[in-house]
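Chains as they are written, first to last, in the numbering used here: chain V, 1 to 299; chain G, 1 to 254; chain B, 1 to 307.
Keep in mind the hints are simulated off the structure, nothing from the lab. Just so it is clear, the structure is predicted and the values come from calculations on it, not from any experiment. Heads up, a few of these hints could be off.
Stated by the list, open to error - Calculated pairs, BS3-like style, for lysine-lysine (alpha carbon to alpha carbon, straight line, at most 27 Å):
1) K23/V - K43/V
2) K14/B - K251/G
3) K209/B - K43/V
4) K209/B - K251/G
5) K129/B - K14/G
6) K116/B - K30/B
7) K176/G - K16/B
8) K254/G - K139/B
The residues making up each chain are set out below.
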Amino acid sequence: MIYVTSAAVLLMFIFLLRLVWIKKEMRRISTQVERFYQGLSGKKVDIALLDKDIEALAGNINQLIDLAVQSNRDRIRSDIELRQAIANMSHDLRTPLTAIIGYTKLLGANSVTVEKREEYLSIIRATADRLHTLLHEFFELSLVQSADYQLKLEPVQINALLWEVLTGFYDQFVERRLEPELNITDEPLIAQADPSAVRRVFENLIGNVIRHATGKVAISLKQEEGNVVLIFRNEAANLSEQDVDHLFDRFYTADRSRSSRRTGLGLSIAYSLMSKMDGRLTAGLQDGCLEIRCGWNRS
Amino acid sequence: MINLLRTELFKLSKNKIFWTLILIATVVFALLHILITIGWWKMDNLYMEAGLELFSSLPLATAPFYFMLFLSTFAGFFVANDFTIGVVKNIVMSGNRRSHIFLAKFIVLVLGSVMLTVACPLIVITGGKLLFGFGEMTDPSALGFLARGMGLFLIHMLACVALLMLIALLAEDSGKTIIISVVIALLISVAEVLRPLPGILDALYRYSIFHHLIDSFRMVMTAPDMIQSLSVGLGTLLIVMWCGNLAFKRKEIK
Amino acid sequence: MKESVLTTIGLTKKFKGQTALDHVNLVVEKGDIYGFIGQNGAGKSTLLRIVTALARQTSGIVSLFGESGEAGLIEARKRVGAIIESPTLYPDMTARDNLEVHRLLRGIPGKACIAKTLALVGLQDTGKKKARNFSLGMKQRLGLAIALLGDPELLILDEPTNGLDPGGIVELRELVKRLNREMGLTILISSHILSELHQMATKYGIIHKGRLLEQLTHEQLNEKCKQHLRIRVDDPSQAATVLEMELGAPDYEVLPDGTIKLYSLYHDVRRVSMALTRSGLVIEYLAPGGDDLESYFTKRVGGELHD
Chain V
1 MIYVTSAAVL LMFIFLLRLV WIKKEMRRIS TQVERFYQGL SGKKVDIALL
51 DKDIEALAGN INQLIDLAVQ SNRDRIRSDI ELRQAIANMS HDLRTPLTAI
101 IGYTKLLGAN SVTVEKREEY LSIIRATADR LHTLLHEFFE LSLVQSADYQ
151 LKLEPVQINA LLWEVLTGFY DQFVERRLEP ELNITDEPLI AQADPSAVRR
201 VFENLIGNVI RHATGKVAIS LKQEEGNVVL IFRNEAANLS EQDVDHLFDR
251 FYTADRSRSS RRTGLGLSIA YSLMSKMDGR LTAGLQDGCL EIRCGWNRS
Chain G
1 MINLLRTELF KLSKNKIFWT LILIATVVFA LLHILITIGW WKMDNLYMEA
51 GLELFSSLPL ATAPFYFMLF LSTFAGFFVA NDFTIGVVKN IVMSGNRRSH
101 IFLAKFIVLV LGSVMLTVAC PLIVITGGKL LFGFGEMTDP SALGFLARGM
151 GLFLIHMLAC VALLMLIALL AEDSGKTIII SVVIALLISV AEVLRPLPGI
201 LDALYRYSIF HHLIDSFRMV MTAPDMIQSL SVGLGTLLIV MWCGNLAFKR
251 KEIK
Chain B
1 MKESVLTTIG LTKKFKGQTA LDHVNLVVEK GDIYGFIGQN GAGKSTLLRI
51 VTALARQTSG IVSLFGESGE AGLIEARKRV GAIIESPTLY PDMTARDNLE
101 VHRLLRGIPG KACIAKTLAL VGLQDTGKKK ARNFSLGMKQ RLGLAIALLG
151 DPELLILDEP TNGLDPGGIV ELRELVKRLN REMGLTILIS SHILSELHQM
201 ATKYGIIHKG RLLEQLTHEQ LNEKCKQHLR IRVDDPSQAA TVLEMELGAP
251 DYEVLPDGTI KLYSLYHDVR RVSMALTRSG LVIEYLAPGG DDLESYFTKR
301 VGGELHD
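Sequences and hints are given; from them, build the entire structure.
Listed below in structure tokens is the structure:
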């Protein structure tokens, strides 16, 4: 009898101890969570690793903290990005606008000759056109980048489409005295894509080449490891690795001061369209040549 | 504290030296136990007289030299090695009190030591009895004496482990720890044989844990004897642990 | 005002009659990558060891996350991950077990953090391989994984580039920048080579012979490195007196070939040239120029050597 009683007492004592310990651990966890949301500490919850359930609870709390930290960081980043975007946008719009205002002031003066007036007007028109294109691109990019912009993917013959777009740019190549070295395979390459989006990507990439290329230009289309790959290669002596890394960023221009030569948003739009088609658009620098590759999965 | 204990236990479970030592201790003791039980090696000791023939191999396991050899190797590789490979840095940096770190290390070291020197032989003895019917017990009532002896032995062994830990902390090297503690064990064995020692040394030795360690298994013990043994053991344990804790607290970790 | 993560006030350490740290007032703020620069033996490690509780200061205060009391500091250290001198691992354990030890040690709930941290440093595929068989680079990465386990808010790296090949240094630099940018981790990193830190740090502290000579931001350092006046005249010593007496600009250096580098007044070339001409000196050359980092560091440290 005495053994049974003492065993029961001992057992009760152990349970009591355990209860006290659990309560203490709960308080510790609660304090830690409180300190976290009050912003006093960014530390995750740590516990005395004795009870599996408490460990699971603390683990879940930490997952939640992870989520909170992540979304907070995302919010701050998109905040900074947005502010940066607005700043860049206003910069991009201000330059042509300032020019337009300047020329309209000149036009307002009495002593303008007819020839001068014509010249100013044509400059104003050209600048306004550029402004118009830019605004259009802003709109297009924001549209393409929004989550509910979906493309309809269907089998597209890339070769034919590329030839078609290239022909359209013939005059501009001649004007810039560029003779692209074309290396386009005759084998019909069919990729899963959206034809109008592919056309837009081609236009933007070729437009970029025409605007920036100095010296040699090579365009090749081939099949590589089951993918359709299109490579644009042109000399780009004054681009750095860092510039290439940011090539597809919305508001990056290799040289801010030369705003007349700015890329525009063409590359960003092309990048977004390619991602929407499950394709890839990458850029690299090799021996002073800029190489832009686009790849589609073959259908 | 719980986390520190779990850490040390995890380290112990992953410590190869410890498991090797356990294996060696078990095999060596099992061999000796068999030899003694089958009477190949004649043992004439108090267990025979007390009617606990089964335990007649136990004095081997409780001989200072035997267990100090195991314990010093264990302490050397479990405590001093932390300093040698530098992992103690991570433990100290982890936001735990140094006294807690010290205590956790000590508790797990004691646990390992008890497994090595007490649990192993007892398991071999009881296992041998249950499985193969090795040994016999003519007078089971003498088990009370065994329990008392074991209790006192454990307390003194705890003090010894604390001392080993202090040595390991100061030496910071497993080799040095082992050499120093083996020398100490040798000195005790010699002292025990040479008794009475000249002058004050004898009194010093008589009130040390080493003497009481060996004396734990005395057949007849009066109450004052027990109190003396207990107070020497616990007193030494507390003093050595206090010193060890202080040494660890003051330590600059390289 | 940004939140301070680590502050030391009058931190002093003496051993065996030598002063290893002399009243160091260091401030690391949230989000910094703090480059702690000094020659070998300047006191970098000593300071980091005091911060991480490996050593004790002779006098002065360490404050981590605003906690400077004994108990508060111990709690605050749970928010710090560090590698001091070299990474310390259990050689007989696998990468996972090494992290498990530290998970238990820090009381981090759930084993998920181990796989996550291993993936972060690129060691997820080491399997049953024991740490002793790791290459130096892998050991370094495992050390980093240990320091990063449980998402600390302050990461302390003591000479992390020691023994790494150039590729490893670049990799480490990228990781440090990524941790800082993506996880908002505050990082204190020491080195004896300024240029190594220059690619990543946002703030610098220069320590020499136990004294913190200067704390400056990346921008300030660039400014300092960029801007000085290079002056060549027919009589450098007279020019030196003009600089000191008339212009009150003692902040200059005379190079072996007699060229003077003036570290102040660089924006006021007119005043300098007028003062020099007025004293009858013939100016052969006077132009703003830039110092490279290493020579800036040598100058700061060297200047202290002579006074």
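Comparing the hints with the structure gives:
1. Annotation: proposed proximity of K23/V to K43/V holds, straight-line Cα distance about 21 Å (limit 27 Å).
2. Between K14/B and K251/G the CA atoms are separated by roughly 15 Å; this keeps the pair inside 27 Å, and the hint holds.
3. For a cut-off of 27 Å, the pair hint linking K209/B to K43/V is broken: about 35 Å separates their Cα positions.
4. Taken as a hint, the K209/B and K251/G pair is honoured in the structure, with Cα atoms around 24 Å apart against an allowance of 27 Å.
5. At roughly 14 Å between alpha-carbon atoms, K129/B and K14/G fall within 27 Å of each other, so this suggested pair holds.
6. Taking the CA atoms of K116/B and K30/B, the gap is near 24 Å; set against the 27 Å cutoff, the hint holds.
7. Only pairs whose Cα atoms come within 27 Å are accepted, and K176/G paired with K16/B is accepted, the gap being roughly 26 Å.
8. For the hint linking K254/G to K139/B, the alpha-carbon distance of about 19 Å falls within 27 Å, and the restraint holds.
Hint 3 from the list above is the single one not met by this structure.
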